[in-house]
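Per numbering that gives the first Met the number 0, numbering of the sequence shown is gapless, rising by one per residue and ending at 186.
The set of hints was computed from the structure by calculation and includes no laboratory data. All residues carry an ideal CB built from backbone N, CA and C; glycine is no exception. It is possible that some hints are incorrect.
[Unchecked claim] Taking CB as the label site, the calculated pair distances span:
{"no.": "1", "residue 1": "Met137", "residue 2": "Thr15", "range": "38 to 46 Å"}
{"no.": "2", "residue 1": "Ile143", "residue 2": "Pro106", "range": "22 to 30 Å"}
{"no.": "3", "residue 1": "Thr174", "residue 2": "Tyr148", "range": "14 to 22 Å"}
{"no.": "4", "residue 1": "Ser173", "residue 2": "Ala46", "range": "31 to 39 Å"}
{"no.": "5", "residue 1": "His140", "residue 2": "Asp77", "range": "27 to 35 Å"}
{"no.": "6", "residue 1": "Lys184", "residue 2": "Leu121", "range": "39 to 47 Å"}
{"no.": "7", "residue 1": "Val22", "residue 2": "Thr78", "range": "49 to 57 Å"}
{"no.": "8", "residue 1": "Ala183", "residue 2": "Gly149", "range": "25 to 33 Å"}
{"no.": "9", "residue 1": "His163", "residue 2": "Leu138", "range": "27 to 35 Å"}
{"no.": "10", "residue 1": "Asp49", "residue 2": "Arg167", "range": "26 to 34 Å"}
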Amino acid sequence: MAAKLINTPEDYFWLTMEEIEQVLASSLRTIAPLQPTIAARRDAYRAYWDLSLPLVVNDADVMNFGEPDDAEPVSLEDTLLGLSVSPGQVQGKVSFLSDYDSLEDVPRGRILVAPSTDPAYLPYFPLAAGLIVERGGMLSHGSIIAREYGLPAVSNIDARRQLHPGDRVLLDGSTGLVQVLERAKGT
Numbered sequence: 000m001a002a003k004l005i006n007t008p009e010d011y012f013w014l015t016m017e018e019i020e021q022v023l024a025s026s027l028r029t030i031a032p033l034q035p036t037i038a039a040r041r042d043a044y045r046a047y048w049d050l051s052l053p054l055v056v057n058d059a060d061v062m063n064f065g066e067p068d069d070a071e072p073v074s075l076e077d078t079l080l081g082l083s084v085s086p087g088q089v090q091g092k093v094s095f096l097s098d099y100d101s102l103e104d105v106p107r108g109r110i111l112v113a114p115s116t117d118p119a120y121l122p123y124f125p126l127a128a129g130l131i132v133e134r135g136g137m138l139s140h141g142s143i144i145a146r147e148y149g150l151p152a153v154s155n156i157d158a159r160r161q162l163h164p165g166d167r168v169l170l171d172g173s174t175g176l177v178q179v180l181e182r183a184k185g186t
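Using the sequences and the hints, build the whole thing.
Structure (structure tokens):
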């Protein structure tokens with residue numbers, strides 16, 4: 000009867016070569032179950048996957064990286080700094096594009112928030128007053144289209160964790176600042 004060391008064949012990838020060699024070199028009856036080790040490594044991987052890293056990492060920043068935690072991100076008096084990708088200033092309420100099933104549901108004149116954009120987002124741009132994109136640079140799709148439409152835009156802000164639908168913000172696409180002016184009720 001074979002001992003069950005791992006739950007699925009994919010669990011093999013969570014082990015080190017040394018651990019695999021030890022398993023192969025020893026009697027299966029004496030090997031401690033590896034599931035707790037595999038589960039701990041899988042959980043740590045998922046926690047690191049959720050980390051938001053800055054666009055640029057300096058030498059001094061490296062010392063500030065540590066274990067991921069569940070703490071809420073801290074913003075200095077509700078001021079968020081991102082990358083300026085399209086100039087201009089606008090005040091308005093924030094709407095997350097992921098909250099809408101169709102184009103008809105998106106309110107006009109909102110500052111739209113998306114993780115990133117692609118050509119499927121083009122119909123939303125004429126409805127927007129501004130754009131906040133969580134990932135991207137000066138040459139990303141959202142940045143280029145925002146400039147073509149004359150929309151103030153900022154990228155590289157962890158908007159899903161720091162902003163809420165209905166928050167009223169000042170978006171300054173010239174400086175990369177997003178200032179929360181009023182939090183939505185209930186947040």
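*asked:* Flag every earlier hint the structure violates by its number, smallest first.
replied: 6
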